[in-house]
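J.: Since the structure of chain A is provided, determine the placement of chain B on it from the hints.
Chain by chain, the residues:
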Amino acid sequence: MTDHHSDIDSVSGKSTTGHEWDGIKELNTPLPRWWVITFYLTIVWAIAYWVVYPAWPLISSNTTGMFGYSSRADVAVELANLEKIRGDKMAALGTASLADIEKDPALLALARAKGKTVFGDNCAPCHGSGAAGAKGYPNLNDDDWLWGGTLDQIMQTIQFGARSGHAKTHEGQMLAFGKDGVLKPDEIVTVANYVRSLSGLPTRQGFDKAKGEKIFAENCVACHGDGGKGNQEMGAPNLTDKIWLYGSDEAALIETISQGRAGVMPAWEGRLDPATIKAMAVYVHSLGGGK
Amino acid sequence: MNKTVNPNELKPAGDVGPLYAARKKVYPQSVSGTFRRIKWGLMAVCLGVYYFLPFVRWNRGLGAPSQAVLIDLPNSRFYFFFIELWPQEVYYFTGLLIVAAVALFLMNSVGGRIWCGYLCPQTVWTDVFYAVERLIEGDRRERMKKDKSSDPLKLERISEIVLKHSIWLMIAWWTGGAWVLYFNDAPTLVKELVTFQGPMIAYIWIGILTATTYVLAGYMREQVCTYMCPWPRIQAALTDEWALNVTYRYDRGEKRTSVKKAAELRALGQQVGDCVDCYQCVAVCPTGIDIRNGPQMECIQCGLCIDACDNVMAKIGRPKRLIGYDNDINIHRRQEGKAPIYRIVRPRTIVYSAIIAAIGGFMVYMLATRSLLDVNVLHDRNPVAVKLSDGSIRNAYTVRLLNKSGYDRAIAIDVEGPINPTMHVVGADSVTPDRPIIVIPRDSTSELRLLVTAPAENNPEKSIPVRFHVMDIGLGVAASATDNFVAP
Numbered sequence: 001m002t003d004h005h006s007d008i009d010s011v012s013g014k015s016t017t018g019h020e021w022d023g024i025k026e027l028n029t030p031l032p033r034w035w036v037i038t039f040y041l042t043i044v045w046a047i048a049y050w051v052v053y054p055a056w057p058l059i060s061s062n063t064t065g066m067f068g069y070s071s072r073a074d075v076a077v078e079l080a081n082l083e084k085i086r087g088d089k090m091a092a093l094g095t096a097s098l099a100d101i102e103k104d105p106a107l108l109a110l111a112r113a114k115g116k117t118v119f120g121d122n123c124a125p126c127h128g129s130g131a132a133g134a135k136g137y138p139n140l141n142d143d144d145w146l147w148g149g150t151l152d153q154i155m156q157t158i159q160f161g162a163r164s165g166h167a168k169t170h171e172g173q174m175l176a177f178g179k180d181g182v183l184k185p186d187e188i189v190t191v192a193n194y195v196r197s198l199s200g201l202p203t204r205q206g207f208d209k210a211k212g213e214k215i216f217a218e219n220c221v222a223c224h225g226d227g228g229k230g231n232q233e234m235g236a237p238n239l240t241d242k243i244w245l246y247g248s249d250e251a252a253l254i255e256t257i258s259q260g261r262a263g264v265m266p267a268w269e270g271r272l273d274p275a276t277i278k279a280m281a282v283y284v285h286s287l288g289g290g291k
Numbered sequence: 001m002n003k004t005v006n007p008n009e010l011k012p013a014g015d016v017g018p019l020y021a022a023r024k025k026v027y028p029q030s031v032s033g034t035f036r037r038i039k040w041g042l043m044a045v046c047l048g049v050y051y052f053l054p055f056v057r058w059n060r061g062l063g064a065p066s067q068a069v070l071i072d073l074p075n076s077r078f079y080f081f082f083i084e085l086w087p088q089e090v091y092y093f094t095g096l097l098i099v100a101a102v103a104l105f106l107m108n109s110v111g112g113r114i115w116c117g118y119l120c121p122q123t124v125w126t127d128v129f130y131a132v133e134r135l136i137e138g139d140r141r142e143r144m145k146k147d148k149s150s151d152p153l154k155l156e157r158i159s160e161i162v163l164k165h166s167i168w169l170m171i172a173w174w175t176g177g178a179w180v181l182y183f184n185d186a187p188t189l190v191k192e193l194v195t196f197q198g199p200m201i202a203y204i205w206i207g208i209l210t211a212t213t214y215v216l217a218g219y220m221r222e223q224v225c226t227y228m229c230p231w232p233r234i235q236a237a238l239t240d241e242w243a244l245n246v247t248y249r250y251d252r253g254e255k256r257t258s259v260k261k262a263a264e265l266r267a268l269g270q271q272v273g274d275c276v277d278c279y280q281c282v283a284v285c286p287t288g289i290d291i292r293n294g295p296q297m298e299c300i301q302c303g304l305c306i307d308a309c310d311n312v313m314a315k316i317g318r319p320k321r322l323i324g325y326d327n328d329i330n331i332h333r334r335q336e337g338k339a340p341i342y343r344i345v346r347p348r349t350i351v352y353s354a355i356i357a358a359i360g361g362f363m364v365y366m367l368a369t370r371s372l373l374d375v376n377v378l379h380d381r382n383p384v385a386v387k388l389s390d391g392s393i394r395n396a397y398t399v400r401l402l403n404k405s406g407y408d409r410a411i412a413i414d415v416e417g418p419i420n421p422t423m424h425v426v427g428a429d430s431v432t433p434d435r436p437i438i439v440i441p442r443d444s445t446s447e448l449r450l451l452v453t454a455p456a457e458n459n460p461e462k463s464i465p466v467r468f469h470v471m472d473i474g475l476g477v478a479a480s481a482t483d484n485f486v487a488p
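Sequence order for the protein chains is A and B.
Residue numbers for the first sequence follow full-length UniProt numbering, beginning at 1 and rising by one.
Residue numbers for the second sequence follow full-length UniProt numbering, beginning at 1 and rising by one.
Bound-form chain A, shown alone (with noise of 0.2 Å):
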């Protein structure tokens, strides 16, 4: 080893690295010993924080620590504590009747807050995130409903589904008038044309109404009623109003009429518990379209 460390630099006084770079030498500046023992304690620090907490990834787990600390376990006490802070609310959510949450501020946010959720986790695929819908999927947002827009049916719908196969489910479904021979291809053409004009859209030239209008009588007054105002009971909808789940243009119509259309909305009873069913028809009708 060289006496670099004798060398003392003249204009500092200071004794220097030996380093040199262009006749310019390094002063050797030691740290301060707090700053060494600070730093020495931070790597005490570390290896304590191994020995306490999970820190080193093993083959197929990791070391757990001396307490056997997780966050996994951390998240499930702290949910576990929002369970019993919302304990007294969600209760009153079970048993209070839909009208008397939507009347009650608090338990009307604490439904929507609630049914918002869960209707991210649960609807929002077939119906969308802000419950717009799409083509064969409901708006959940407009005043056309189904099977029906009260808070009670809203609630059953969500219970037992729409041809979802649960003993309560609703039933009732556009019949294939083409594919089964009822309705040959010039009478879906003219029926179709009929029901474009219920609602004011154009019709195609040389379209007979009169025709129209015995077909539609013989064949889908039946569900669709009188004049094609619809009938909840059977979900079939309202034909003169400006919605139309399955589009409203002509050939959207003839497939509509001659292929059939039996939508499915499954059944949550049993999937979801009773207090959040009805958060979720609370939310449904608060989105706008209740009845």
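Hints are computed from structural coordinates only; laboratory data are not their basis.
Small disclaimer: the values here were computed from a predicted structure and weren't measured.
The hints are all genuine.
Result set (DSSO-like, lysine-lysine): computed pairs, CA atoms no more than 30 Å apart in a straight line:
#  : chain 1 : residue 1 : chain 2 : residue 2
1  : B       : Lys148    : A       : Lys14
2  : A       : Lys229    : A       : Lys179
3  : B       : Lys320    : B       : Lys261
4  : B       : Lys255    : A       : Lys14
5  : B       : Lys145    : A       : Lys14
6  : B       : Lys25     : A       : Lys14
7  : B       : Lys404    : A       : Lys116
8  : A       : Lys211    : A       : Lys179
9  : A       : Lys242    : B       : Lys462
10 : B       : Lys148    : B       : Lys24
11 : A       : Lys116    : A       : Lys84
12 : A       : Lys103    : B       : Lys404
T.: Relative to chain A, chain B alone:
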């Protein structure tokens, strides 16, 4: 800094030298004088405010906290006498911090490190700890002697050490104790703490702050200022040639001579410096530097060396303020036989003052005119618009009403726009069928879902603005917000 070679630092060949630099312990001597009195006074004010402010009461009415200064974290409110701030008004703190920063710059351009020397908590608490140390262990010489002594510890010395650390810890504990009182009702919390019923987090914070106060004021002391604090570096970049700093007036002081020799030389009519090399300025310095070496980063400019030097000058019958608040410009002017000039008012200080006045004024204006009733509107994003069965268009909005006052409000809501909109508040119609009136409890917010429908014949082709008005039907206070109505 130290330009003389210290023979102790000369290492024999082959010695690698220490890997760390040990702290050179500082033993500041007691001193009396103008600046010491100012420091005592400011210390009393600062500590008095810190320790006792949480106990000051302020009546805000039933159900509201009655503590004048309170940071209510669980309810996210900040109370300061007549001001109550909500989390969304945190920008007032931003403004306050900007004003504080510029005030620091202003102090710096007028009188150097006034903050460091007189007001900084590190300085104030270190000063308190030094005072305790001096009271128990004696002044500079005695403390140095006791520290150096290799005699076995006697009972007297042991009791001194125990007493000093006990008092230090008590002060540190009170410091941490006062801190937590700002976050809870102080009298209640004190009662809980002394009966060991207090929340764990309070004890933890008291413990942390007891430890930091004890370590930083008892042991780290000037090292915090020299090594840890960024302000000395920033300060050095912000200072200018007119700023008054604690300065050794070397024009007067040099050449240093002993008292006796100076008298002899003066009798011969020769020019002699006033500095008698008594090292009193070094002895009293809490950072252990020699101010006569010029401005130094370690210097916190507490002015104690001014007091020490003034006392000596008075004794030897020379004019005071051989060390004083001054700058190089004046030293050079005096050397040239010109009168010193002091420019407190100059572009830099004017600009700083103007910034403080502008931001401070703006904040006061904002605070004075801020509404205690507010409304925020957020348009639904999904779906943005809904077509109803009769062809009319409906938009939904989430409306948040804020009632910052200390009483419940009954709020009427109206919507206004060129499309003749009708409005429906979800949940409100069952309470008040004719007109949506919402009751918001005091000091809280309510979130509502508002449905606005434009009749089919008024369907807008693109988005058009609609205005939401909310009014306290009791007091007539109103607020409004604008959002858009869009077609699908």
